[in-house]
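Peer 1: Whenever a hint applies, use it, and build me the whole structure from the sequences.
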Amino acid sequence: MAGQASSAADVQPSQRWIPWMLMVPGIVWLTVFFAIPMFSMGKLSLENGGFSNYRNAFSDYRELIPRTFGYALAATVICILLGYPLAYVIAMRGGRRKNLLLALVVLPFFTTYLIRAISWRILLGDRGPVTRVLHSLHIIGQNTSIVGTAPAVIGALSYNFLPFMVLPIYVSLEKIDRKLLEVGPDLYASGWRTFRKVTLPLSLPGLFAGSLLTFIPASGDFINVEFVGSDAQRMIGNVVANNFVKEQFRPGLSALSFVLMAIILLGVLLYARLLGTEELV
Amino acid sequence: MNTQRRWVSRLLDGYAALVLIFLFIPIGLMVVFSFNQPRGQRNYEWNHFSLNAWKDPFKYPELKRALLKSLEVGAIVTVLAGCLGTLMALALVKYRFRGKGFINTIIVLPLTMPEVVMGFSLLTLFVNLRWETGFWTIVVAHVMFCVSYVATTVKARIRGFDWRLEEAAADLGAGPVRTFLRVTFPIIAPGVFAAALLTFALSLDDFTITYFNSGRVRTFPVEVFTQKRSRVPAQINVFGTMILLAATVIAVSGVLIERRRQRERV
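From first to last, the protein sequence lines stand for chains L and W. Residues in the first sequence are numbered consecutively from 1, following full-length UniProt numbering. Residues in the second sequence are numbered consecutively from 1, following full-length UniProt numbering.
One thing to keep in mind: the hints can contain errors.
Claimed, not checked - Derived contacts from chain L toward chain W, CB cut-off under 10 Å, selection only:
no.	residue
1	Val32
2	Asn56
3	Val89
4	Val106
5	Phe109
6	Arg116
7	Ser119
8	Leu123
9	Ser219
10	Ile236
Unchecked claim - If you want the ones that stay clear, here's a sample from chain W, every Cβ over 10 Å from chain L, calculated:
no.	residue
11	Thr3
12	Phe35
13	Gln41
14	Pro57
15	Glu72
16	Ile106
17	Tyr149
18	Ile188
19	Leu256
No lab work stands behind these hints: they were computed from the structure. Note that the structure is a prediction, hence the values are computed from the model and not measured. From the three backbone atoms N, C-alpha and C, an ideal C-beta is built for every residue, glycine too.
Peer 2: Here it is, written out as structure tokens:
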């Protein structure tokens, strides 16, 4: 770090404007098209009824809000269960094939999001492979569909955000000094104990970042419900995307969007506290 | 290493392999179903093998038009976001100044916001400004979320470089243009190139933000989504497979080029 810091030039007082000149176009763009829209949406959320828009967001969508975050949470947990071991094996036991394995994790996501959603529709369709296997094993009834159920939506969400979980965890595991891990067995600690006391705590920053990168987009998603869900699985994103064209709905949808953001923020803060990674926020 | 631990390791390897296979199942289906002759309008169920979609990938003019539109948007966005993001990265890495932390936060924020919210809030701005949504609002929206990726990627690649080389070039009599072309650009080029590829891919892939701000213009993902109600032809899978192949070729050649560079350095 020290070497990196010293490579940055100390600017003469008369040249302080140089970095700002370089940044102005980008900052202006982000301010006008990212920050100001938040204000215009905030203003809109108070039109046609003021604060009652927020009250209505909660009362009209009493089931929608817990469902949305329930799905996002479930997908995040599944991503941890699938992604952590994968990241662990690549980082600790990948050897020379590390980069190849990482490339394989990312490669499926070079296809378009919508095409992956179509593939999930094929995978879970009534004559698709998963339904057939479950039918023949009598796990689900002959006339039961998987499409249009909560597990279908949660499965698709988990799949689409899995690499966002794997990559940050991999990065934090990779950084761990291997000598620390050799100390454990020398002190007669079991492999599990070494993992719990050394590896896991040191990988928490990656786990935290990965969870956010999964949870946030999953809670705003609406494409997966469109392809493998039904009205019964509607999420907040579906309500916004299906109604934004109609002008009279926009104030209510603005309020709903703020509710979505507020709950995400709350969840992130709680999670940071739970993991003890407050300094990351 | 005792036998118990060896078993645990093997189990872990097996589990990781299964997860990796899971990642590829939908992709495999996408490729397989590009060779399907769908019975109805939607390519969701296997009927029988056929090369029809591959023989005539541009059968549906709307899909072709949308794909070209996506490439057009992607090219413009890559140039614009590439310039804006690279300049920001240069400022953040090369100079020390007050307010750096604040700028870094602004750059990261768009990456932590659900796309629905970004897309919808941007639409409310366009409505306020009375800008009709269409081609240019798509470009504006894409540049907005790509700038952050470019700045982050370029920053990571050029950190730790010794910028005194620029001064050395100036001391040896090179003008600012020459210094930039001969010293600065070669340093930042790999990072900028990586960021440009990422931007192009992100722009091509984006559906959610585009959906809110595209008006009557349709990019490839928007067209696929709009048609979904009436038909999902196998041609979509053909395009998906081609995009995957192109990405693989680019990624592999990128790795090979990087390797050769490293060997030359040694």
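Peer 1: Next step is simple, just say for each hint if it's right about the structure.
Peer 2: We went through each hint and held it up to the structure:
For Val32/L, the suggested interface contact is upheld, since its CB lies about 8 Å from the closest CB of chain W, less than 10 Å. The interface hint given for Asn56/L is violated, since its Cβ lies 17 Å from the closest Cβ of chain W, which is over the 10 Å cut-off. At its closest, the beta carbon of Val89/L sits 4 Å from a beta carbon of chain W; the interface hint therefore holds under the 10 Å criterion. A cut of 10 Å between beta carbons decides the hint on Val106/L: the least distance to chain W is about 8 Å, and the hint holds.
A hinted interface residue such as Phe109/L counts as satisfied when its beta carbon comes closer than 10 Å to some beta carbon of chain W; here the least separation is about 9 Å, so the hint holds. Checking Arg116/L against chain W: minimum C-beta separation of about 6 Å stays under 10 Å; hint holds. With a least beta-carbon distance of about 4 Å to chain W, the hint placing Ser119/L at the interface is held under the 10 Å criterion. Given hint, Leu123/L at the interface with chain W, holds; its Cβ is 6 Å from that chain's nearest Cβ, closer than 10 Å.
The closest approach between the C-beta of Ser219/L and any C-beta of chain W is roughly 6 Å, which is under the 10 Å cut-off, so the hint is satisfied. For Ile236/L, the interface hint holds, since its Cβ comes within 10 Å of a Cβ in chain W; the closest pair sits about 7 Å apart. Every C-beta of chain L lies more than 10 Å from that of Thr3/W, the closest at about 12 Å, which supports listing it as non-interface. In this structure Phe35/W is separated from chain L by more than 10 Å, as the shortest Cβ-Cβ distance comes to about 13 Å.
With a minimum CB-CB distance of about 13 Å to chain L, Gln41/W clears the 10 Å threshold, and the non-interface call stands. Remark: the non-interface label on Pro57/W is consistent with the geometry, its nearest Cβ contact in chain L lying 14 Å away (cut-off 10 Å). Residue-level check passed: Glu72/W sits 16 Å from the nearest beta carbon of chain L, beyond 10 Å. Taking the minimum C-beta to C-beta distance to chain L, about 6 Å, the non-interface status of Ile106/W is violated against the 10 Å cut.
Even its closest Cβ contact with chain L, about 12 Å, leaves Tyr149/W beyond 10 Å, as expected for a residue assigned away from the interface. The non-interface label for Ile188/W is consistent with chain L: the shortest C-beta to C-beta separation is roughly 12 Å, beyond 10 Å. Here Leu256/W stays apart from chain L, with its beta-carbon at least about 12 Å from theirs, past the 10 Å limit.
In this structure, the earlier hints numbered 2 and 16 are contradicted, and the remaining ones agree with it.
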